[in-house]
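Chain X: place on chain R using the hints.
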Amino acid sequence: MPLGTLDRDPPPFFRQGPSALSKLAVCSALALLLMVADARFKVMQPLRVVLATVLYPAQWLALRPVLAYQEVSQYFSSLSSIKAAQDEVIKKHILQSQRANQVEQLSLENERLRKLLGLRERVHAKALAAQVIYDAADPYSRKIVIDKGMADKVGLGSPVLDESGVLGQVTRVYPLVSEVTLITDRDQAIPVLNTRTGARGVAYGDASLHADAMELRFMAANADVAAGDLLTTSGVDGVYPPGLPVARVEKVERRVDAVFARIYCVPLSLVSGTGHVMVLEPMLSQVSPRPEPIAPTITSRKGGSK
Amino acid sequence: MIMRPGQQLLLPANPFFIWGSLIAAMLLNMLQNMGFWGRAGWVPDLLAVVLVFWTVHQPMRISIGGAFVFGLLMDVHQGGLLGQNALAYTVLSFFAITMHRRLLWFSVPSQAAQVFPLFAAAHAVELALRMATGGSFPGWLMLLAPVVEAALWPVASIILLAPQLRAPNPDANRPL
Numbered sequence: 001m002p003l004g005t006l007d008r009d010p011p012p013f014f015r016q017g018p019s020a021l022s023k024l025a026v027c028s029a030l031a032l033l034l035m036v037a038d039a040r041f042k043v044m045q046p047l048r049v050v051l052a053t054v055l056y057p058a059q060w061l062a063l064r065p066v067l068a069y070q071e072v073s074q075y076f077s078s079l080s081s082i083k084a085a086q087d088e089v090i091k092k093h094i095l096q097s098q099r100a101n102q103v104e105q106l107s108l109e110n111e112r113l114r115k116l117l118g119l120r121e122r123v124h125a126k127a128l129a130a131q132v133i134y135d136a137a138d139p140y141s142r143k144i145v146i147d148k149g150m151a152d153k154v155g156l157g158s159p160v161l162d163e164s165g166v167l168g169q170v171t172r173v174y175p176l177v178s179e180v181t182l183i184t185d186r187d188q189a190i191p192v193l194n195t196r197t198g199a200r201g202v203a204y205g206d207a208s209l210h211a212d213a214m215e216l217r218f219m220a221a222n223a224d225v226a227a228g229d230l231l232t233t234s235g236v237d238g239v240y241p242p243g244l245p246v247a248r249v250e251k252v253e254r255r256v257d258a259v260f261a262r263i264y265c266v267p268l269s270l271v272s273g274t275g276h277v278m279v280l281e282p283m284l285s286q287v288s289p290r291p292e293p294i295a296p297t298i299t300s301r302k303g304g305s306k
Numbered sequence: 001m002i003m004r005p006g007q008q009l010l011l012p013a014n015p016f017f018i019w020g021s022l023i024a025a026m027l028l029n030m031l032q033n034m035g036f037w038g039r040a041g042w043v044p045d046l047l048a049v050v051l052v053f054w055t056v057h058q059p060m061r062i063s064i065g066g067a068f069v070f071g072l073l074m075d076v077h078q079g080g081l082l083g084q085n086a087l088a089y090t091v092l093s094f095f096a097i098t099m100h101r102r103l104l105w106f107s108v109p110s111q112a113a114q115v116f117p118l119f120a121a122a123h124a125v126e127l128a129l130r131m132a133t134g135g136s137f138p139g140w141l142m143l144l145a146p147v148v149e150a151a152l153w154p155v156a157s158i159i160l161l162a163p164q165l166r167a168p169n170p171d172a173n174r175p176l
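Protein sequences appear in the order of chains R and X. What the first sequence shows, in the working numbering, is residues 1 to 306, in sequence order. What the second sequence shows, in the working numbering, is residues 1 to 176, in sequence order.
Pulled out of the complex, with its shape left as it was, chain R reads as follows:
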C-alpha cells in the first residue's frame, strides 16, 4: 500500500475547525491590518462603500421608528409653538429684508467696481440642500451623516453650512449618504479671518476641554484678538468660499511663559442640533490650477559631496 493513501483526517466528531486561539490570532491580525490601512494609508474606502451598501437596508429599517416618532410628535405639537416659531421667522425675515433689498444694488455696484479694478469676479459655488439624518455613533469624533451621496454628486471635501455659519466638511462619500466632519472635531482645521483686524489664522476643533468648542491656534501671545471678535472663512484654502461666518471668540488667555495665546471660540453654526444643511461645491473645482512649483536650483548638500 503506497504512502499517503491513509485517511489522516480526524473522525467527524472531533472535527471542530481551527482552535479558538488561532482564530483569535488571524482575526486580530486582520483587524490590525485594516486599521493600519484605514488610518495610515487611507485605502479602505472601497471596502467601506461595499459594506455601507450592504448595511443601507438595515439602516433604512432602523430609521423608520425614529421618523415615525418624529412625524407623530410633529402632528401633536401644539398650535401655539408653531405660531411662536412662525413669528420668530417673520421677525428674522423683516430684519433681513432690509439688508436683502440693498443686495441687488450693492452687488451691481460691486461688480462694476471690480471690473473697474480688473479683479477676478467672485466665484460662486453651486449649492445642494441636504438633511441631517443622524449623528455618527463614534463617540471619539464629531461627525454627522447627511442624506445626499454619490448619487447626488456630493464631492469629497465639500464645505457644509447651516443657516448661521460653517458646519463642517464632507469627509466620506457613500452611494446614498455622506459623512460630514464637524468643525468641532479634533482633527478638523479651518482657515479663518478675524473680521475686526483682518488677521488670518487657523481654527481647530476642540472637543476635549469644552463641549463642542473651537480653538484659534498659533496666534502670538501679543496678537490683537479680543473676546467677541467674529471669525469668518478666509478663502485662502481653496475649499471654503471667503466670508462665511465660522465662530466667535469667547475667551483669550495670555500667559507670560507661552509663545502663543490660547484663544477659545464658539462655533456659530448649530453643531449639535441642526436639521437642514447646504453642501457647497469645493472652490478648487472653480479656480484655475496652481502653477507648478519652480524646482529649487540649490540642491541639498546632505551626503552629496564627491
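It is possible that some hints are incorrect.
[Stated by the list, open to error] To give an idea of the chain X side of the interface with chain R (calculated C-beta under 10 Å), a few residues:
(1) Leu27
(2) Leu31
(3) Gln58
(4) Pro59
(5) Thr90
(6) Val91
(7) Pro109
(8) Ala112
(9) Ser136
(10) Leu152
Derived from the structure by calculation, the hints contain no laboratory data. Here a beta-carbon is modelled for each residue, glycine too, at the ideal position from N, C-alpha and C.
Below, chain X alone, put in the same frame as chain R:
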C-alpha cells in the same frame, strides 16, 4: 456533556433565531444611535451582549469569525476607525469561548458578574486604539457602558432562551 444539577433540558436552538437575534441587536444599536442618544459614550452595545450570549450558549454556531464580521459592519455604521469594533468583538468572543464551559454552571446573576470584565476589556481595547490614533476622549460616562451591558445579561438570558424552553407538544405525562 455533564448535566448540571437542576438544569432544564432545552430544545435545540434554531439557527434562524440566533442570526435573527444578532441582526435585531444590530438594528437596536443603530436605533439607539439614530433615535435616542446620538454619539453618547455610555450607550450599551447590545450587539456585544447578544454575541457573548450566543458564543457562550452555542459556541459551535457563533464564534470568532461571525463576531469579526459583525464588528466590521458596526465600524462602517459608526464611521470611526475601520476594524476597531472588529478587534473588540474578536477579543470578546475569544474570552467568551474560553469561559463557556465554566460560566453556565453558575446562577444568572453571578454569570453577569463574570461577563462584566469581558465587556470592560472590549471597551478598553477600543479606547486604547482610538486614543493611540488621535481621537478625542468621550468623557468619563463611558465607564457606565460595560456596567449596563453586564446588567443586561439576565434580560438577554430570559429573552434569548425563551424559544428553547417550550415543549414541542406538551402533555401531562411528559412535561419538559
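These are the hints, each one checked on the structure:
1. The beta carbon of leucine 27 of chain X comes within 5 Å of a beta carbon in chain R, closer than 10 Å, and the hint placing it at the interface holds.
2. With a cut of 10 Å, the hint placing leucine 31 of chain X at the interface with chain R holds, because the nearest CB-to-CB distance is about 5 Å.
3. Nearest Cβ of chain R to the Cβ of glutamine 58 of chain X: about 13 Å, over the 10 Å cut. The hint is violated.
4. The criterion of a C-beta within 10 Å of any C-beta in chain R is met by proline 59 of chain X, whose closest approach is roughly 8 Å, and the hint holds.
5. For threonine 90 of chain X, the suggested interface contact is upheld, since its CB lies about 4 Å from the closest CB of chain R, less than 10 Å.
6. Below 10 Å, beta-carbon pairs count as interface contacts, and valine 91 of chain X has one with chain R at about 7 Å; its hint therefore holds.
7. A least Cβ separation of about 26 Å between proline 109 of chain X and chain R goes past the 10 Å threshold, and the interface hint is therefore violated.
8. Against a cut-off of 10 Å between C-beta atoms, the interface hint on alanine 112 of chain X is violated, since the closest Cβ of chain R lies about 23 Å away.
9. Restraint check, serine 136 of chain X versus chain R: the minimum CB separation of about 4 Å is within 10 Å; hint holds.
10. The beta carbon of leucine 152 of chain X comes no nearer than 18 Å to any beta carbon in chain R, farther than 10 Å, and the hint placing it at the interface is violated.
Checked against the numbered hints above, the structure violates hints 3, 7, 8 and 10; every other hint is satisfied.
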